[in-house]
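Peer 1: Build out the structure end to end from the sequences listed, making use of the hints.
Positions 164 to 383 (my numbering) are the ones given, in order, by the sequence shown.
Among the hints, a few may not be true.
Pair ranges (Cβ atoms, derived) [what the hints assert, rightly or not]:
#1 166 / 337: 53 to 59 Å
#2 288 / 217: 29 to 35 Å
#3 183 / 231: 36 to 42 Å
#4 175 / 228: 32 to 38 Å
#5 187 / 295: 26 to 32 Å
#6 232 / 299: 17 to 23 Å
Under the rule of at most 16 Å between Cα atoms (straight-line distance), these lysine to aspartate or glutamate pairs were calculated in the EDC-like manner [what the hints assert, rightly or not]:
#7 340 / 168
#8 340 / 328
#9 340 / 204
Derived from the structure by calculation, the hints contain no laboratory data.
Just so it is clear, the structure is predicted and the values come from calculations on it, not from any experiment.
Cβ coordinates follow ideal geometry from the N, Cα and C atoms, glycine included.
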Amino acid sequence: MSAPDAKQQIFNASKELIAIIALLLVAPLALYLDLAVLKNDVGEISVTELAQEGFVLLSMLMFARAAKTTPSSRGFYLLVSGFFACILIRELDQFLDYIWHGFWQIPAAITAATCIGMAMTRYKDSVLAPMADYTRSREYVFMVGGVLLLLVFSRVFGSGHLLWEHIMGDDYDYVLKSALQEGLELLGYSWMTYGAYRHCICAQRSTSVAESALTTPVNV
Numbered sequence: 164m165s166a167p168d169a170k171q172q173i174f175n176a177s178k179e180l181i182a183i184i185a186l187l188l189v190a191p192l193a194l195y196l197d198l199a200v201l202k203n204d205v206g207e208i209s210v211t212e213l214a215q216e217g218f219v220l221l222s223m224l225m226f227a228r229a230a231k232t233t234p235s236s237r238g239f240y241l242l243v244s245g246f247f248a249c250i251l252i253r254e255l256d257q258f259l260d261y262i263w264h265g266f267w268q269i270p271a272a273i274t275a276a277t278c279i280g281m282a283m284t285r286y287k288d289s290v291l292a293p294m295a296d297y298t299r300s301r302e303y304v305f306m307v308g309g310v311l312l313l314l315v316f317s318r319v320f321g322s323g324h325l326l327w328e329h330i331m332g333d334d335y336d337y338v339l340k341s342a343l344q345e346g347l348e349l350l351g352y353s354w355m356t357y358g359a360y361r362h363c364i365c366a367q368r369s370t371s372v373a374e375s376a377l378t379t380p381v382n383v
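Peer 2: Laid out in structure tokens, this is it:
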């Protein structure tokens, strides 16, 4: 690697380090605003909840855009976009419950069935290969790490019945447990969104530049 390339690599790594540090600060900042400034106990309408929904919406839109602009990976991107759409519907359940309790399951099921059906029929040739390629990418680590934080670690570590009732005993505070769990969920969402950005924006931009360089005629 030449000296200019090495400097560029170090510069890019430094930018990513700063971005990761910023992501790690999002959840504590949101919780601070909710608990210390707004004093809303991290309710359904809170900075933390709104940030979660914002991250999910961004991830969904980025993969939906990728599905539209990348025919060779459309089926896979459609599935991922549908996954985030279902998560967003679940996060908005407090509003959908005004229709009736648990109503969110209906639009979520319709969304999942539609995306899976389209991916397995109309776009079935653009699912497995792009999915396999994605698992070999760096951004996959951020995405799967965020998913595991959301679906596994936040549920276990933030469980009042499993951990915090035993740790705190008679001093058990549901607000503390809720803040911890919601903060971990926000951390997971932020990592997933960063993974989506790295893949759908940065990686595709690099691919477009490389393809443009290959197709540009060389004047002799």
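Peer 1: If a hint holds in the structure, say so; if it does not, say that too.
Peer 2: Evaluation of the provided hints:
no.	hint	result
1	166 / 337: 53 to 59 Å	57 Å, holds
2	288 / 217: 29 to 35 Å	34 Å, holds
3	183 / 231: 36 to 42 Å	29 Å, violated
4	175 / 228: 32 to 38 Å	23 Å, violated
5	187 / 295: 26 to 32 Å	30 Å, holds
6	232 / 299: 17 to 23 Å	21 Å, holds
7	340 / 168	47 Å, violated
8	340 / 328	9 Å, holds
9	340 / 204	11 Å, holds
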